[in-house]
Amino acid sequence: MQEKKTIPSPRKITTEPRFTDKVFRGVVTSGGLIAGLLLGLIGFFLVFNGFEAMRSAGLSFLTGFDWVDAIPENGQAASYGIGAMLYGTIVTGILAMIMGVPVAVGTALFLSYYAPEWIKKPMVVVVDVMAAIPSIVYGLWGYFVLMPHAEYWAKLIHKYFGFIPFFDMPAPVFTRSPFIAGLVLAIMIIPIVTAVSREVFAQTPLERIQAAYALGATKWSMIKAVVFPYGRGGVIGGAMLGLGRALGETVAVYTVLNLVYDIRIEVLLSAGGSVASMIVNKFGEADPVELQALMGAGFVLFMVTLLVNFLANYIINKTARE
Amino acid sequence: MSNQNESGNREDNMSQMTGKQTSTSRPTPASGATRSLGDVASARTVNAGKPNSGGSGLEARGVHAWFGKKHVLEDISMDFATGTVTALIGPSGCGKSTFIRTLNRMHEFIPTAALAGQVLLDGKDVYEPGVDVTKIRLKVGMVFQKPNPFPSMTIKENVLSGLKLSQIKIENSDELLESCLKRAGLWDEVKDRLNEYGGSLSGGQQQRLCIARSLAVSPQVLLMDEPCSALDPGSTLRIEETIRELANTMSVVIVTHNMQQAARVSDYTGFFLSDGGPGRLVESATTVEIFTNPKQKRTEDYVSGRFG
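Protein chains in written order, with the numbering used here: chain A, 1016 to 1337; chain B, 145 to 452.
Don't read these hints as lab results, they were simulated from the structure. Backbone N, C-alpha and C fix where the C-beta goes; we use that ideal spot for every residue, glycine too. Fair warning: there could be bad hints in the mix.
Said to hold, decoys possible - Distance ranges between label pairs, derived from CB positions: (1) B:311 / A:1221: 15 to 25 Å; (2) A:1220 / B:385: 41 to 51 Å; (3) A:1190 / B:315: 28 to 38 Å; (4) A:1128 / B:344: 26 to 36 Å; (5) A:1121 / B:267: 34 to 44 Å; (6) B:445 / A:1128: 43 to 53 Å; (7) A:1128 / B:315: 30 to 40 Å; (8) B:344 / A:1332: 30 to 40 Å; (9) A:1164 / B:272: 29 to 39 Å; (10) A:1134 / B:180: 37 to 47 Å; (11) A:1077 / B:311: 26 to 36 Å; (12) B:215 / A:1040: 44 to 54 Å; (13) B:208 / A:1220: 56 to 66 Å; (14) B:448 / A:1121: 32 to 42 Å.
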């Protein structure tokens, strides 16, 4: 004989928030929404204004190398393509990462595991202040102070590594090259990469550090076995945040880079590209049609940096959860 | 060989000890659920004797410890002879863990930690200036309360990690891997999955992996800071078997809150207590004596469960 069981349907569980809770919730929610809304509006503004230029150029807007205004007198049509500038942006960004990330990671390691307390605190402040220096200052300093030295370094690199295509020189002009722009950008991304790396290094579980030391590890072998594997994701994420900054950097690059509408692999040569700098360069004297193209270029840059930053945050958060 | 007790009558202990160290058969860790702690302790200690393999092992001489201004350990002197297991018991906060961390110089990782006295390994003070601290930690291994295998390494890499960390090169790592895992009682469970990550094991297996990892650098002494407190009874029993096995070739010092465990596994027991001030070694003797015939009233109260 079987008993009949009545299975109840699940109850609805609710909590009625208090009035003060509701008010507070409203305030913080609107704060959060405003940030998202602004981002959306900026994207919309760029698409709205640049759409015509992007539509008429089609895919060649991304791949074309020319940036030519229309000259009605000799019947020449306008042609706007940001291919060379986009390439140049990526090249300088990668150069900045190659030169800046190792320095930043070294700084973070020093601050987390080697620096005595009295050096550590002021140095953290100094590195953070580096992020607050206006980029035009980096640009001017890069142009007047760094470039004469960097020119000499570039010549050395060319002399000894010239057989590598990247370091070849078709013409002996070493100033305002992607290499020098990358160097300035490298210095500019050090604060953010250092801050993120330091954060993840500091979170390394103490029990793993102690386990390594209890096995007779030296400090360096402990760092290799415990700190690096744990912090890897965070460092990669921090490096990408730095890349995001390098890709979008405008004025500093504009000061130290010679913009040339051409794709060249020689990074020591005084010819490079940067979407952001190009926009600054052309913006002042652009006619309405060219302005549309510049808006389109801005939209592409906006999307690329947004993507890099999202990816960076995703990697950092994923690491933090593990 | 004896552990010094507070009143310092070493001769007394010495004679008792030599009297007991005659039989050679190995005890099996008794489950002892229904027996008194004294019975459990006698059951194994009476059988536990083995000729002392010589070597002065590890000795603490008048060790004091501070954290900042707080005096946490006062004048601890104990001997840990090769081939013995010593249990340190006492209520929380009495300085047991601090004490064993002074023995392999893990104490100094805590900022503001200070120390007085000597820790002698083979007669040499490990705190002497110029001593290579990494060498000390190779000779005096440690197993922590919470299993802490390196999650970025496989089981195999975990066991051999000590060699890599201290830059020791060896000929036949597979042989060492197998022998360490066998001594830690883990080989049969992991021999087919040596390339899986350490984190894929259960808590008890992870702790045995950590023991195997400590053994790979062939320490003379193994310090265990409540190694079973996060484990289930089955895993605890496995680790106790392992400890008994290890005591054939090294000395083991184990901090435990589980008095059954102290009775089952140790030859000597030290009872620590802090009455608000720094922790002191109240009594230190053979395990059977501590559990059957303690000299101090406070020891008796503690082991009979009247406080703590």
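Which earlier hints can't be squared with this structure? 2, 3, 8, 9, 10, 11, 13 and 14
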